[in-house]
Structure formats: C-alpha cells, structure tokens
Amino acid sequence: MFKKILIANRGEIAVRVMRACRELGIPAVAVYSEVDRASLHVRHADEAYFIGPAAATESYLNIETILDVARRSGADAIHPGYGFLSENPRFARACREAGVKFIGPTAEAMELLGSKTRARQAMERAGVPLVPGSSRGLEFDEAARVAAQVGYPIMLKAAAGGGGKGMRAVRSADELRSAFDSARSEAERAFGDGEIYIEKLIENPRHIEMQVLADEHGHTVWLGERECSVQRRHQKVLEESPSPIVDADMRRRMGEAAVKVAQTGGYTNAGTVEFLVDAGRKFYFLEVNTRLQVEHPVTEMVTGLDLVHLQIQIAAGESLPFRQEDVQLRGHAMECRIYAEDPDNNFFPSPGKITLLLVPAGPGIRRDSGMYEGWSVPLDYDPLLAKLIGYGSDRQQTIMRLRRALHEYFVGGIKTNISLFRRILKNPEFMAGKLDTGFLDRVLANPETDPVKKEHPEIAAIAAGVFAVLEQAPATRNGASGGSAPASSKAGSSGWKLAGRVESLQ
Amino acid sequence: MIYDVNIDGTDYRLELAREGSGWKCRLNGREVALDAVLTRANVLSVVIEGTAYEVKRELTPVDLHFWVGSARYAAEVRDPRSLRSRRQASGAAHGVAKLVAPMPGKVVRLLVAEKAEVQAGQGVLVVEAMKMQNELKSPKKGVVQRIVAAPGAAVNAGDVLAIVE
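Protein sequence lines correspond, in order, to chains A and B.
In case it helps, my numbering puts the first sequence at residues 1 to 506.
In case it helps, my numbering puts the second sequence at residues 1001 to 1165.
Bound-form chain B, shown alone (with noise of 0.2 angstroms):
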C-alpha cells in the first residue's frame, strides 16, 4: 500500500506492506526496519533499531492524532487511489467551508443570520458546553449560506453547525 501521510503540516510518502509477521516499509522512498504490534485498541507498539515507541491513536469525530509518547501530532492519512479522499484534500482550501461543533453541547444563540457575509475569524453562534460558553467563529470570508443549527438544539461533536461559502 502507499499512503500519503500529513504529519503536523508536512507530507510523507509511506509504503508499507505485511511480510510475515513483520513489515516492509519505506518512508520518502528510504527503507525503515520497522517492527509494529498492535497492543490494543489504539496503541501501537513500535520498535525500529531497538528503540521502542509506544504511539496513540485518538480519532474524534473531527480529527485525528497521534501521540508519540507526549508529543502530539495532527495527522491526515490519504490512499492516492481513492478519488473521495483527493476531493476532500482540496475542498478545504476553497469553496464551502463548514462549521462543526467541537464538542456536544447546546446551542445559545445565533451571532449572525443566513446570507450575511461574514469574515475569517468572525464569531457565527454560540454553544454552551459545561456551564460555559463557546463562540463559533467562520473559518474563512465568505456568506453564510446555511445555519443548520436552531437556538436551544442540543449538538454532538462534529455536527455541522452551518456552511460559509
């Protein structure tokens, strides 16, 4: 399999297959003796020349990290082959924009209605979450095209709130 991998903003190249037991694997073309165990549910166990990681795997209904002991790393996994995935990795940087909530929570109030632009950085609505409050702000210049959500709707993490396009 080949993979292209974005970690924290920098692209590798990852080829990676099943030998045995092991692995094969080659990262930006140079080969890596790489031994891996799934221990649980995400946590990998890699050792690479005797060295030992153990590496977490979080996946939230809106990203995805991995953690390398403490350190964090944002993460973006694309299968050159799938044309979904190529699709994706471009709409974000034009075009429609969605906003989603981060955590659940209850939406309060709307800042702005349909059709109004709206600048980068602009708050859209507010969601209370644990007794506090949380504005929303629009990811980019653009017009609101869609509040999906009403005031008083109850949200789960990664329900998208409204569109800006």
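So that you can see chain A by itself, here it is in the shape it has in the complex (with noise of 0.2 angstroms):
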C-alpha cells in the first residue's frame, strides 16, 4: 500500500478523497493556491503545499510544480479528482517518469479514449452498439455523402472534442457548408485539431452512464447506471440510481457493453462509460470519461462500495475483492449538485462569504461538501460546492427525503441553486420518471407553477425588530443569543447600521 498520497485538487473532491485517505491509514497531502489557503480541503490535510497564483494553469494544472511537490512531501501516488489534471496523459505520463503512481488509467488508455474517432473504431471492431455515424474525421464531400446516409438531422462533431465545442446540430443539407466550416475552424481554435466526424443526431435523448471498475490483472466488473439526464446547457444538475428506465436485462447487457468498452480499450481504475438512450430503449456507446465522476457517491449508496478506496487498491496492485456476481444493487440513490450561482438571475455565478451555513442530517442524507460558514467562495473556479446525496429503498421515499433534506439546507451570504432543486423534486414529469437530456431546458423555459409561498411577511418583520432590539441591548440578552455577539458585530449588524456601511463605502 502507498505511504503517502498527494491529493492534486481543491474542493469537495479533494475533501472526499482525503476522507479515503484517513479511512486506510494513509497520510494526505494538499496542495492549494494563493486563494484557497483557506479552503476546506487544507484544513482537512496531513500535509499543505502552496502551489502558485489563483489561476489554474499555474496552480491546479501545473505538472512541474505538482510531481515536485509530491516529491518533497514523499508521496508515492497521486489522485488526480475530476478536472483539472484527471483527464491529462500528459499528467499520467510524468507521474510514472517521477515514479509516482497516477491513480486513474494508463496514459495510453486515455490517449485512446480520449479521441473519439479512435475510440469510435476500437469499439466498432469489438462490436459495441455506437450511434450510425462515421469513425474518422471527413472532408466536406464525404461528409455530405455520410449524413445523406444516415440521414438527417445530424451532429457534427470534433475528434478531440469536449464541452460542446466544435459540435452543431444540422437539420438538413443546406445548412451543413456553414455549420460544417463553423465546427472545424472553432475546434481548430479549441483544440488545434480540427478533425470533424458525424454522428445521427438523437433526438431527445437520455443520457446514461455505466461505473466500471477494472484491477491491473485483467479483471473488469460493471456497477450499475447512473441517469443523468438532468441538465442545463450540457452540465449534470442532479443524477440517480437506478434509471427509472433500465430493468435488470437492459442494466446486464449495457454493463457488459461497458466492460467490453473498457477491456478494449484496456482500462484500469474507475471509469464511466456514456451511452446514450433512445426513445425505444436502445442504447449507443457516446464516450469514456477516463476518471472518477461527480456523481460517483449514488454509485456508492447503491452498491454498498467505497470507489475511492477501491480505486485506491487497485492502483496500488491489489485484485478486485469481489466479482460481478458479488455486485448487489440495493435501493435508490439521487445527488443534486449545490453550485453556487443564482437560479433567480440566470444561474449566474455567485461567489463571496457564507455568512450562515445550516446543514441537513438524518436518515438517508449524504453530503460531500467543500464548504464551511465564514469561507470566501472564491471565484477563480467551478461553482460547486456541495453535493447532497439522498438514499431511500426506493424512489419515492428518495425523492421524499431528498426534499426534506433541502428544508432543513442554508446557505445565506451567497446565492445557490438549492431552489432549483425543490422545483425539479417535485415537477410531475420527473415524479414520473419522464426525463431526457431537454427535460430541465423545458421546466425552465416555463413560469414556475407552485413557487414557495410567502405567508408569513409579519415573522419577518418581527425577527428584523428582534434582532435590532438583541444587538442594540448587549447587557439584557438571554443565555442563548451570548454566542452571537461578535459575528454579528463584525458583520454589521442590523439594517440601518448596515445602510450606513453601505454608504460609507463611497
């Protein structure tokens, strides 16, 4: 086993993996940058290293400065998260150069992986069910020629593609001179590749996703789907397990489209393989995202495992401690992604202090969290801060939870999108189980219908008086308000004073 492992991330990841860390015995390792100094993952280390400036290319994503820190720390291996350096064979490459162990896959399996046209071909020739579509890049003759084939609409995408870059959706033949050109010259721009394939375009899909698990001695195992088909503008909200669509047949024979996915591409570690889902229930191979998910916690509520763990012993040599007949999947397990931006002005990002956090708890509720009352979310990064994680014996009592779990959920000094949640929850489409990847496009492109009613204006306007009267009169406070005396005086405290501030400000 390691004796030692450099966590190369920030946030609730880097927070969930050194909870792993701690659970096996071995020492962690954080790195942060200048504007993460306070940051909750560094508080939860053995070990702190600052790395360099707020920017994440000269802190996050700078490979020199991570192996040299593992280096002087003594680590032996290397957790990458997500984003950042995870998805970088670059990374993985110097990592096994300075003798240090990348927890994740091989460099070569994500160089693979991580072209899709090549990917395309590995798994045409192991006969994994792909979206009819070309496995090479075109030039605009043949592209014409293939989209007339399978038939319009399709997408155009780009082989070194991500994030929606280089990608357009085409109708029909008139339009495919422009967004052809169009797609090529912006992955050009995003990637310096730009290779450009088509796929049929899917109308309406679902989006789901197979958790793999390979050992370094050849043994692979499937752990179940993940609907993800949540999302606003390509970005996972919320996720669950099992699909409300997937029976055990059609879980079997994706799972075993996985494995086949990861054997050929000769996988090991965690990894997600990406399928998406027609109206009829059929699934096509989409891609690999050769690193640990977000959603990985509603995996593991459902099959009991611990992934960081088992990634953790894996990399280190160990076989797989069980096989895929071993795996039982057990309940429902739903995950809403608590970023912090505003529901209310268009999800824009909405960094600053939290001034109060109240945290829910009881049965059924997980939170894998990065942050704590009086930290500075800061804006250099990805707005997630939280994940809350709900588990029930099935959806209903999930869902039930889930929404019991978001009362008792504040954030106060920042805006979240906690709200948006209470309104996905208990939208009747996804109650029924009706989702595809337009499903929140559409709830939000609609007046919400059964907004949180404000019955109590007067409680307001007591509690504003209370707390004038409790901050004016120091020496008359009861036993119970003592504790609030500083924060609140720092803060500023009720609000005329704080309209003075404000102005004062000038």
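Since the hints were made in silico from the structure, they are not lab data.
Quick caveat, the model's predicted, so the values are computed rather than measured.
Yeah, the Cβ is synthetic: ideal placement off N, Cα and C, and Gly gets one too.
Be aware that one or more of the hints could be misleading.
[What the hints assert, rightly or not] With a straight-line cut-off of 35 angstroms between C-alpha atoms, the simulated DSBU-like cross-links for lysine-lysine are: (1) B:K1141 - A:K454; (2) A:K454 - B:K1056; (3) B:K1140 - A:K353; (4) A:K353 - A:K453.
[To be verified] Which stretches of chain A does chain B cover? Using the computed rule of at least three CB atoms under 8 angstroms from a CB of chain B, they are: (5) 316-327; (6) 407-413; (7) 448-454; (8) 462-470.
[Unchecked claim] Sample of chain A residues with no beta-carbon within 12 angstroms of chain B, all distances over it, derived: (9) F50; (10) A179; (11) L201; (12) D382.
Since each chain comes alone in its own frame, lean on the hints to assemble the complex.
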C-alpha cells in the first residue's frame, strides 16, 4: 500500500479523497493556490503545500509544480480527483516517469479513449453499439455523403472534442456547409485539431452512464447505471441510480457493453462509459470518462462500495476483492449538485462569503461538501460547492427525503441553486421518471407553477425587530444569544447600521 | 423600541421591548404573544401561540433578507429616530444612485465614459466572476458622474463602482 497520497485537486472532491485516505490510514497531502489557503481541503489534510497563484494554469494545472510537491513530501501516489489534470495523459505519463503512481488509468488508455474517432473505431471492431455515423475525420464532400446516408438530422462533432465545443446539430443538407466550416474552425481554435466526424442526431435522448472498475490483473466489473438526463446546457445537475427506465436485462446488456469498452481500451481503475438512450430504449456508446465522476456517490450508495478506497487499492496493485456476481444493487440514490449560482438571475455565478450555513442530516442523507460557514467562495474555479445525496428504499422515498433535506439546508450570504432542486423534485414529469436531456430546459422555460408561498411576512417583520433589539442591548440578552455577539457586530448588525456602512464605502 | 420595518415592499410599525426573559410586542398596533430565542448567530426560533418558525437572517454588504422556512423576504429596518436612516430612505428615489458590485470579481471593461448619459437598465461596466461576465446596469436614467473602478481592478461585493446622477 502507498505510504502517502497527494491529492492534486481542491474543493469537495479533495475532501472526499482525503476522507478515504484517513480511513485507509494513509497520510494525505493537499496542494493549494493563493486563494485556497483557507479552503476546507487544506483543513482536512495531514500536509499542505502552496503551489502558486489563483489561476489554475499556474497552480492546479501545473504538472512540474505538483510533481515537485510529491517529491518534497515523499508522496508515492497522486489522486487527481475530477477536472484539472485528471484526464490529461501527459500528466499520467509524467507521474510514471517520476516514479509516482497515478491513481487512474494509463496514459495510453486515456489517449485512445480521449480521441472520439479512435475510440469509435476500436468500439466498432469490438461490436459495441454506436450511434450511426462515421468513425474517422471527414472532408466536406465525404461529410455530405455520410450525412445523406445516415439521414438528417445529424451532429457534427470534433474528434478531440469536449464541453460542447466544435459541435453542431444540422437539420438539413443546405445547412451543412456553414455548420461544417464553423465547427471545424471552432475545433481548431479550441483543441488545435480540426478533425470533424458525423453522428446521427438522436432527438431528446436520455443520458445514462455505466460505472466500471478494472484492476491491473485483467478483471473488469460493472457497478450499475446512473441516469444523468437532468442537465442545463450540457452540465449535469441531478443524477440518480437506478435509472427509472433501466430494467435488469437492459442493465446487464449495458454493463456488458461497458466492460467490453473498458477492456478494448486497456482500461484500469474507475471509469464511466456514457451511453445515449433513444425513445425506444436502444442504447449507443457515446464516450468514456477516464476519471472518478462527480456523481460517483450515487453508485456508492446503491452498491455499498467505496469507489475511492477501491481506486487506491487497485492502483496499489491489489486484485478486485469481489466478482461481478457479488455486486448487489439495493435501494435508490439521487444526487443534487449544489452550485454557487443564482437561479433567479440566469444561473449567474455567486462567489462570496458564506455568512450562515445550516446543514441537513438524518436518515438517508449524505453530504459531500467543500464549504463551511465563514469561508469565502473564490471566484476563480468551478462553482460546485457541495453534493447532497439522498438514499431510500425506493425512488419515491428518496425524493421525499431529499425534499425534506433541502428544507433543512440553508446557505446564506451567497446565492445557490437549492431552490432549483425543490422545483425539480416536485415536477410531475420528474416524479414519473419521464426524463430526457431537454427536460430541465423545458422546465426552466416556463414560469414556476408552484413557487414557495410567502405566508409569513409579519414573522419576518417581527424577527427583524428582535434582531435589532438584541444587538442594541447586549447587556439584557439571555444566555442563548451570547454566542452571536462577536460575529454579528463584525458583520454589521441591523438594517440601519448596514445602510450606513454601505454609504460609507463611497 | 419602535421600528419601521419594510418587508417585500409592505411597511409594518413594530413596537418591541424586552419583558423579563420574554417580549412585549405590538405589530401595527396589534398585540402579539411573542416568544423569540436566538439559537445561534443569525438564527431565531420564534413561537407564537404554539406555532413554531425558524427565521434565518441573511446579511450581505448590499442587502438584508429574512427567511421564514424556505420563503425569503427582503427587509429594511428603520429606527424612526435615526436621521441618517431617514436620509438613506429618501435618497434612493431621486438624486444620486450608486452602482454596487453584487459579488466579488474583476472589472473587465467599461461600457460608457464618465459624464455620459445613460438610460435606466443600460449597461455601465462588465464584471467577471467564476469565468462568467456580468453586465452591471444603471438603476436609473441620468449622467454617469464618476466611474470609480478601472478595468482590471479586483472588486469586493458591496464596492461602489460608479455613480449615476
């Protein structure tokens, strides 16, 4: 087993990996940028090293600096989390050359699966179901032929693609020319590679992915699917397992396809095979995410496994401690991604100081979080603050538990999307499990039908006065209120003091 | 104490005093059997005739809100004896308006120059936070008297960035 693990990440995922390290008795090393000195992952670490300015390119993405910290701290393995360097084959290779184990797949597997056309070619040969289209880059004339063959509407996609860049939906032949040219130039700008291929456009698909786990001795297993169709602008918002439409037979077929994908790609460690599923429940291979996913807790809840423990054990050379037939799925789990963004203002990011944090607990609730009260959310990184995961014996109970937990959850001082989840979790289509990747955009296009009722303005008025009195006459406060004095006097106390303070900022 | 409290645009007159360990409370002249305990900073437990409410106070450099359960109320509290609060209350309607940064970020560019005329809702400058750009708009029609922030400057929530008169 490893002597020490460096976590090349920040936020909730760094905290989550450090928890696993502590459970396994392995010291954890944090790295932090200038604006992350007070971040939660530094507080959870055994050792912490400064790695540079706020800009990720000069800190969390700086391969040399991170390997230097590994050397100085004596870490013999690096967990990359998700994002940042997690899917960068250059980093995986640099780790290997430095004699530090990268906890994830090999650089070679990442390269094969990172190129969409190369991955399609390999999967085609292996007999994995693919969205009809081309498996290599095309010039315009060929593109026109392939598009006519598979039939419009089609998608143009960049071979090096990601994040929706170099992607265009084309509905008819006369749109193809301009879409092709703009997709190509966008791909060239974004990835330095203008290779474009074609896939048939699947209308209103579901996005369902399969978790796989492969050790370094040739054993690969699947751990059930995650339904990820609730998205806003290609960004996942809520995930659940099992999917409302996947039955045991479909799950086994998807799982076996995913295992075949992983084996074909020479994959090791934890990975996710993404599928598109059409209205007829046919599934098509889309791509492989060669990392631990944000939504991995959903799978942990229904399998009872700890994926980060397993990642570390696999990277240390251990064999998978169970076989496929030992994997049992039980109950239903759902994850809400809590972002620092304002649902009432077009989901604009909302960094700033968290002045009050009340967290949910109780049956079936797990919270993976990178925030705490008094912390200022920096404006330099992804706005994911925390994940609220609900677990229950079935989908209905899980939804009701999450609704209850969202009622207990309060983040003050910044805006979060907590209210969005209240809206999703009581939506009749959602309740019925009728989902596709257009679901959330349709919900948001309509005004909210059942907003939180404002029934007690007079209670707010009375409370406003109580706070003002308590803060004006500290000597007469009762014991229970004593603890508030330093925090509130520092933050500015009542409305009229506040107004004066804002005024004095001029 | 007497307070004028405005909740979501509605005014309330609140008379409030401590009475032993409890409270004496009149809201718009009506007596309320108030039991209120501060349970931790910014969280008040209110019980009125057997009904319990948890009230959270959310204070940012630019505004004040109270949450009763999951409902959020914008609040303004005025002590009628305070001169400054009276001036503050009337100042917003006419005269000077300030453009305040709603979040920490960086000023990316200015959309108008000083002394330019702007319409209500017209963009004055652009602030970037978390890789997204947000246009800050003039709250009123007028002339941009002063632009305090320069492009590239880091700003905190509540900083005054420009003044429109």
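Comparing the hints with the structure gives:
1. B:K1141 - A:K454: holds (32 angstroms)
2. A:K454 - B:K1056: Between A:K454 and B:K1056 the Cα gap is close to 15 angstroms, so the pair holds against 35 angstroms.
3. B:K1140 - A:K353: Roughly 28 angstroms between the alpha carbons, so the hint for B:K1140 and A:K353 holds.
4. A:K353 - A:K453: Within the cut-off at roughly 27 angstroms; holds.
5. 316-327: violated (count 0)
6. 407-413: Per the Cβ count (4), the hint holds.
7. 448-454: Held - the segment 448-454 of chain A has 3 residues with a Cβ nearer than 8 angstroms to chain B, which meets the minimum of three.
8. 462-470: holds (count 9)
9. F50: holds (20 angstroms)
10. A179: holds (26 angstroms)
11. L201: holds (28 angstroms)
12. D382: With a cut-off of 12 angstroms, A:D382 comes too close to chain B, as the shortest Cβ separation is near 8 angstroms.
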